[in-house]
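Asker: Sequence:
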Amino acid sequence: MSPEFGHVALIVGLCLAVIQSAVPMCGTYFGAPRWMHMGRSLALGHAVFVMLAFISLTAAFLTDDFSVRYVAQHSNSLLPTQYKVSAVWSAHEGSLLLWSLVLALWSAAVAVFSKTLPLVFVARVLSVLGMIAVGFGLFILLTSNPFERTLPFPPMDGSDLNPLLQDIGLILHPPFLYMGYVGLSVPFAFAIAALLGQQFDSAWARWCRPWINIAWVFLTVGITLGSWWAYYELGWGGWWFWDPVENASLMPWLTATALVHSVAATEKRGVFRSWTLLLAIFAFSLSLLGTFLVRSGVLTSVHAFASDPERG
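Numbering-wise (this note's numbering), the sequence shown opens with residue 1 and increments by one.
The hints are simulated quantities; they were obtained by calculation from the structure and are not laboratory data.
Computed from a predicted model, the values in this text were never measured in an experiment.
We put the CB at the ideal spot given by N, CA and C, even for glycine.
Don't take each hint at face value.
[To be verified] So the derived label-pair ranges between C-beta atoms look like this:
id	residue 1	residue 2	range
1	E148	S77	14 to 24 Å
2	L62	A203	25 to 35 Å
3	I55	N162	20 to 30 Å
4	M51	D160	25 to 35 Å
5	I55	W228	37 to 47 Å
[Unchecked claim] Quick list of in silico lysine to any residue cross-link-like pairs, SDA-like style, CA-CA up to 20 Å:
id	residue 1	residue 2
6	K115	S41
7	K115	L225
8	K115	L52
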C-alpha cells in the first residue's frame, strides 16, 4: 500500500466529508428524506477512506519506507514493531491523522447507532460532524501532509523515535485521550442540532447522554494513563505537575464532568437545559483549543514532542 494511495484516500475522504456537511443539512431545509438518509452512507464512506489513509501511513512505518519524510524523521529500521506503530501518532502530522480517524469513527458510530432517532435530527448531527471533518481534512492536506516524500534522495535509514517515547505509554495514552477529546464532538454536534431544530428537551438529553458518558470515560482513562506514564518517567514531574499540556487536557475533562451531571438532571427533571447545551459546546471547544495550543508550540511543555509553530 503506497503513500500515494494514502494521500488519495485522504482526498477522497475530504470530498465525502464536504458532501456529508452539506447534503443532509440541505435535506432538512428542503424536506428531502433521500438527502437526509445520505448522511449515514457518507459518514461510513468517510470513515473507510480515512482508515485506509491511516493504514497506508502505518504500512509505511512497518516497511521502513524512508522515502516518506514523516517516517524518516520518526522511525528507524531497528525500532521494535510496536513502537513503529505508535510512532505513527508520535508527532504533528500523524497525531492529526489519528484525530481525523477517531472523528471519522465517532461519526460512523453515530450513523450506525442512531437509527431510532428522528431522521431530521440525525441529519443535522452528521452534517455538523462533517463540517468538523472538513476543517481537519483541509488542515492536514494543506499544511501537515504525512505522506510527503523525501525524493529524489531518500535517506538510507531513519532518525529514530525519541527514546522517551519508546514506551507503552505512547501506545495507550494518545489513542484513549483522543477518543475522549474527539468524542466530545458528538455532544457538540447534538447541541448544535438541537439549537437548529429548537429541540432541547428531556428527549434530546436522553439521546445525547450515552455519548457524553462514553467520551468522558475515554478521556478519564486517557488522562489517568498519562499520569501513570509521567509518574515512572524520570523528569516528568510525577502524577500531576500542572504542566500547561496537562492543564489543557484537564479543562475539557472538568467541563465534561459538569456536562455528565447536567445532562442527567436535564433528562430526569428537565432542568439546566441551557447549561447542558453550553457545556456540550464548551467541552468540545476546549478540546479543540487545547489540541491546537499544544500542537502549535505556543505552550512550552515536556509534552511538546509534536509541536510545530509553522503549522499549528
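Asker: Taking 20 to 30 Å as the hint, is the beta-carbon distance of I55 and N162 inside that range?
Answerer: Given a distance of about 24 Å, which is inside 20 to 30 Å, the answer is holds.
Asker: Can the suggested window of 25 to 35 Å be confirmed for the beta-carbon pair L62 and A203?
Answerer: 47 Å Cβ-Cβ, so the 25 to 35 Å window is violated.
Asker: Does L52 lie within 20 Å of K115 when you go C-alpha to C-alpha?
Answerer: With a Cα-Cα distance of about 26 Å, the restraint between K115 and L52 is violated, given a limit of 20 Å.
Asker: Check the following: the C-beta atoms of I55 and W228 are separated by a distance inside 37 to 47 Å.
Answerer: With Cβ atoms ~29 Å apart, the hint is violated.
Asker: Measure nothing beyond the straight line between the CA atoms of K115 and S41; if it is 20 Å or shorter, mark the hint as holding.
Answerer: Within the cut-off at roughly 12 Å; holds.
Asker: Check the hint pairing K115 with L225 against an upper bound of 20 Å on the C-alpha distance.
Answerer: Violated, at about 34 Å.
Asker: Note whether the CB distance of E148 and S77 lies within 14 to 24 Å or breaks it.
Answerer: Cβ of E148 to Cβ of S77: about 20 Å, so the range 14 to 24 Å holds.
Asker: Between M51 and D160, is the Cβ distance one that fits in 25 to 35 Å?
Answerer: At roughly 27 Å between Cβ atoms, D160 and M51 fall inside 25 to 35 Å, so the hint holds.
The structure does not agree with the numbered hints 2, 5, 7 and 8 stated previously, though it agrees with the rest.
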